[in-house]
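Please put together the full structure from these sequences, using the hints given.
2 protein chains.
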Amino acid sequence: MFDVQQLTFGQYDAVLNVLSFALVSMIFASFFMLASLGRVQQRYRSSLVISATVTGIAAYHYWRIFDSFKEAYAEGTQFNEAYRYVDWILTVPLLLVETVAVLALAKSVSRSLLVRLVPASALMIILGYPGEITNEVLPKMVWGALSTIPFIYILYILFVELGKSLARQPEGVAKEVQGLRLTLLATWGFYPIAYLFPVMGFEGELAFVFRQYGYSIADILAKAVFGLIIYKIARLKSFADDPEFAKAEGH
Amino acid sequence: MFDVQQLTFGQYDAVLNVLSFALVSMIFASFFMLASLGRVQQRYRSSLVISATVTGIAAYHYWRIFDSFKEAYAEGTQFNEAYRYVDWILTVPLLLVETVAVLALAKSVSRSLLVRLVPASALMIILGYPGEITNEVLPKMVWGALSTIPFIYILYILFVELGKSLARQPEGVAKEVQGLRLTLLATWGFYPIAYLFPVMGFEGELAFVFRQYGYSIADILAKAVFGLIIYKIARLKSFADDPEFAKAEGH
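Protein chains in written order, with our numbering: chain Y, 1099 to 1349; chain C, 1099 to 1349.
The hints are simulated quantities; they were obtained by calculation from the structure and are not laboratory data.
There may be inaccurate statements among the hints.
Intra- or inter-copy, both count: the list cannot distinguish identical chains.
[Stated by the list, open to error] Straight-line distance between alpha carbons at most 27 Å, and here's what the computed DSS-like set of lysine-lysine pairs gives:
| id | residue 1 | residue 2 |
| --- | --- | --- |
| 1 | Lys1205 | Lys1330 |
| 2 | Lys1330 | Lys1345 |
| 3 | Lys1330 | Lys1238 |
| 4 | Lys1205 | Lys1273 |
| 5 | Lys1262 | Lys1205 |
| 6 | Lys1273 | Lys1330 |
| 7 | Lys1262 | Lys1273 |
| 8 | Lys1168 | Lys1330 |
| 9 | Lys1262 | Lys1238 |
In structure tokens, the structure reads:
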């Protein structure tokens, strides 16, 4: 395991600052979502509440990661990165639930999407974990490949199956959903890259700092910024559903 | 780097108190804004929520700065001032978003202002940071000068471009917007002065104490007091929009 006490003071500081940045982004994404519930119509509030829950869970885990990293550097204890996996097993399925919820599709369509997306996303995280904690190349590659299968299946559902349901969405929504999917693809795509750092021979202090920055920024985009796109979709759909509401909101 | 253990106990206490003062101002500015959402009409609530988010983010960072300063004095660890930059990169663009949001301008006008203001403000903070962490005069001056370009551009947009949109605002609002802009100019103007302290030969304990007071008071004015002016504008506009609402609010 990498010993964080090898980091220079500047590297330590840089990691601490990005962890704090992720933490504050998550807390106030939740805060903003909850304070903005009244800015969308009732039927879209579930997706905002789920988004606030996701960033709230992430804020908790960044708090733990921040403290664990600080303590590991000061006292030589082990830096606990398993918090990230505990976080993902909870938040990744929820992100897919909030995505489907905000579209307010027909009940049978939502259900059919979720019974495939949620188990696939849980499987993706679970299969990645044994590969993350090993330093040996072969098991890392095998678990990584296994974890990629549900990931590709999720992309198939989101880009192909979900696409069929977008035709009847109001103006502007299809474009925002495209933004959601690309954010998801770009940010989720970072995780397997960081996962493969050791296989690519990228190890030591700099790889550690780079991985912490990559994970933190990917998490901010995949959860907090993702939540803001969800909010924007919920607003657009609220305005399209009810012209009175749009007028009161100054739209 | 300045070692905070050089401070006398009186200086230490004075800094700790001003950091606590900033912290409590930020927390209760957020609290007041959220509790007052119902005191303005729907279309102005987004700007109040954004203002509460800004002071909330600032409260988090003052909490971290307070703890870091206390720990540095007690245990000789490094005082981490980078929290200020992490704060500004998030809050300064948001302050401009809340300013434009409260005016409830036509959608195309708001959009055109924000696509210029938000990137310019982020650029201003990012260009300032390399100059902040160096102690050498030349790079400090160069980064400072580069950071001033987007700052002047922001002032141009706020004082010239935004001015054109103020003619149709209800009575009293133009005066309040003038108050907003002057608060912004006066408080943002302090940051480059503190930035240039080392260049002006103003260093050591007293410069450190003075800088902490300056940053803290500038932050309180630029975020908490600024938010109260936003609230006042939202009230005035709510009354002008709807005489029934004005009457119910005892205006």
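List of violated hint numbers, smallest to largest | Per hint list: 3, 8, 9 violated.
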